[in-house]
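Enquirer: Residue strings, one per chain:
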Amino acid sequence: MTKGILIYAHNNRSVDYALMSIVAGGLAKKQLQVPASLVTDQSTVDWMHESKIYDKAQEVFENIIIVPRPPANNYRRLHDGAEYSTVTFMNGNRYSAWKQTPYDRTLMIDADFFIFSKTLGEYWDVDHDILIGESINDIYDNNRLGYCDRYISEVGTKLYWATTVMFTKNSYTKLFFDLVQIILDNYQYFADTYRFDSKQYRNDVAFSIAKHILDGFENIDTVCLPPVLTLLDKDILHDVDQDKLTVLVSHKLDANFCAATLKDTDIHIMNKQSIVRHISKLMDLV
Amino acid sequence: MQEQLKQALDFANYKQTFSIQKKVLKEKNAAKLTFGFQGGLFHINQTLLTFVEILILKGRTTSVVLLDSNQNPILIPNLEEFRDEIFSRYFEATNEYFEADQNLKKSRSVEKLLAQ
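Protein chains in written order, with the working numbering: chain A, 43 to 328; chain B, 1310 to 1425.
Excised from the complex, chain A in its bound form:
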C-alpha cells in the first residue's frame, strides 16, 4: 500500500499558499518519511515560476498536480495579530482529493499545518478508512474558542477539523468525498438543514456533515486523528530559530500578548502572514 501526503495550494492576492505548502510538505516528508504531492492551479504555478520557488517545489513534491482553479467566491477575515483584512480564498475543491491522490493511503493536510513530530505516522495502519482531526486544540486555552469551533452550529453536530484528514482510497471513501462535493454544491440546503451560517464555505463543516450522514445521522465516537493544536490568527509566529518556534499568544484575543515556544510539536498556524514573514527560516528546516 502506497502512503503519502497531499496538500492543496491555490494562491490569492494576499496569501502565498504555494510557498507555505513547500514548508508544510517538506516538514511532513521529513518527519513521516513518505512522499508528498501538491494539488494546485496553473496561475499558482505561474507565480511559483515568477517567484523562483518552483524548483524547490519540485524538490519537495514528487507530483505537482494541476487542476482548474476553484471559484474565488469565498471570503474570510484574515487576522495578523490585531490587524486584519478581508481576503478571498479558494478551498472548494478538497472533495477531489480522492480522485487526485496518487496514494492508496493519504494524509491530506492544510498548507498552514506544520508537522514537527512523528505522531501522525502512528495512524497509517489504523484500521479505519477515513480519519479526520477530532477537534481544534487551542494552544492557550480552549476557553478562547467559541461554541461554533466545536459544533457546526448552535444546534448542529460536532465539528471535526479537516486540517488533517487521512483516508484509504476505496469505494467507501469515494462515497464520502462524493458526498462532500454534494454538500458543497448544495451548501445553502445543508445550511438550512443543519442550521449553520452559509456565508462562508468551510471544509470542516462539509466534512463533518458528510461524516454525520455516513455515520447514519448519528454523532458516533469513531477513531479520529488527534485534536489539531492551533495557534489562532490573532496570535503571531514571532521567530523561528532552527526547529524552535517562538510565538506570541493573545490570551484575550486583543493586542496584548504573552510569549511561548514550540518544539517537536505539530502545529496549525492560522496567522498566514506571520508564516510568510518567516518563510526563509522555515524553508531552512525543509
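Simulated from the structure, these hints should not be mistaken for lab results.
Every residue, glycine too, gets a C-beta built ideally from N, C-alpha and C.
Where hints are given, some of them may not hold.
Claimed, not checked - Heads up, simulated DSSO-like pairs for lysine-lysine below, C-alpha to C-alpha not over 27 Å straight-line:
#, chain 1, residue 1, chain 2, residue 2
1, A, 323, A, 94
2, A, 72, A, 286
3, A, 241, A, 200
4, A, 286, B, 1332
5, B, 1315, A, 305
6, A, 98, A, 72
7, B, 1332, A, 200
8, A, 98, A, 323
9, A, 160, B, 1335
10, A, 200, B, 1335
11, A, 216, A, 71
12, A, 323, B, 1421
13, A, 72, A, 45
14, B, 1324, A, 305
15, B, 1331, A, 286
16, A, 200, A, 294
17, A, 294, B, 1331
18, A, 72, A, 94
19, A, 323, B, 1315
20, B, 1414, A, 294
21, B, 1332, B, 1315
22, B, 1332, A, 305
23, A, 160, A, 323
24, B, 1421, A, 286
Unchecked claim - Listed next, the stretches of chain A that the computed footprint assigns to chain B, with coverage defined by at least 3 CB atoms under 8 Å from CB atoms of chain B:
#, stretch
25, 152-164
26, 264-278
27, 286-297
Given chain A, work out where chain B should sit, using these hints.
Expert: Frame of chain A; chain B shown alone:
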C-alpha cells in the same frame, strides 16, 4: 504600590507563558504515548502496561486479543514483543517529559522559559 503592581503583572505574564509551555509538554507527551499497532491505536498508560505484564505472567504470550483505546479488538501475535515496545516508548516519553518539566520549573522568568 506601583512596584508591587508591576511585580504582580510580571508574574501574571510569567504564569501565562508557563501554562502554555506546560500544556505543550503535556500534548507532546500524550502524542509520544500513542502507538499504532496491527490496525489498532493504543494510548500507552499504566493500565495497559500492567495488564500486558499480568497476561505475560499468566503465560498468555502468543495470539492475544487486546482492546485498543477505541475498544476495538486487536490481535497481538507476540505479546512479549508488544510489551517491550510499549515499555520502551513509555519510559522514553516520560523521561523526556520529566526532564523538560524540571527545566520548566527551574525557569523563573519569561526569558528563561523561552530559552528552554
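Enquirer: Compare the structure with each hint and give your call.
Expert: Consistency of the hints with the structure:
1. 323(A) x 94(A): holds (17 Å)
2. 72(A) x 286(A): Holds. Residue 72(A) to residue 286(A) sits at ~16 Å (cutoff 27 Å).
3. 241(A) x 200(A): It holds: about 19 Å lies between the C-alpha atoms, which stays within 27 Å.
4. 286(A) x 1332(B): holds (16 Å)
5. 1315(B) x 305(A): violated (30 Å)
6. 98(A) x 72(A): holds (15 Å)
7. 1332(B) x 200(A): holds (24 Å)
8. 98(A) x 323(A): Roughly 14 Å separates the two Cα atoms, so the pair holds.
9. 160(A) x 1335(B): Roughly 16 Å between the alpha carbons, so the hint for residue 160(A) and residue 1335(B) holds.
10. 200(A) x 1335(B): Cα-Cα ~25 Å, so holds.
11. 216(A) x 71(A): holds (25 Å)
12. 323(A) x 1421(B): holds (23 Å)
13. 72(A) x 45(A): Holds, because 14 Å separates the two Cα atoms, which is no more than 27 Å.
14. 1324(B) x 305(A): holds (19 Å)
15. 1331(B) x 286(A): Given that 27 Å is the threshold and the Cα spacing comes to 16 Å, the pair holds.
16. 200(A) x 294(A): Within the cut-off at roughly 25 Å; holds.
17. 294(A) x 1331(B): holds (19 Å)
18. 72(A) x 94(A): Distance ~22 Å between residue 72(A) and residue 94(A) Cα, so the pair holds.
19. 323(A) x 1315(B): Not OK: residue 323(A) and residue 1315(B) at ~35 Å, beyond 27 Å, violated.
20. 1414(B) x 294(A): holds (25 Å)
21. 1332(B) x 1315(B): holds (26 Å)
22. 1332(B) x 305(A): With Cα atoms ~12 Å apart, residue 1332(B) and residue 305(A) stay inside 27 Å; holds.
23. 160(A) x 323(A): holds (21 Å)
24. 1421(B) x 286(A): holds (14 Å)
25. 152-164: With 4 residues close enough to chain B, the hint holds.
26. 264-278: n = 4 at 8 Å, threshold three: holds.
27. 286-297: Contact hint for the stretch 286-297 of chain A vs chain B: holds, 3 residues under 8 Å.
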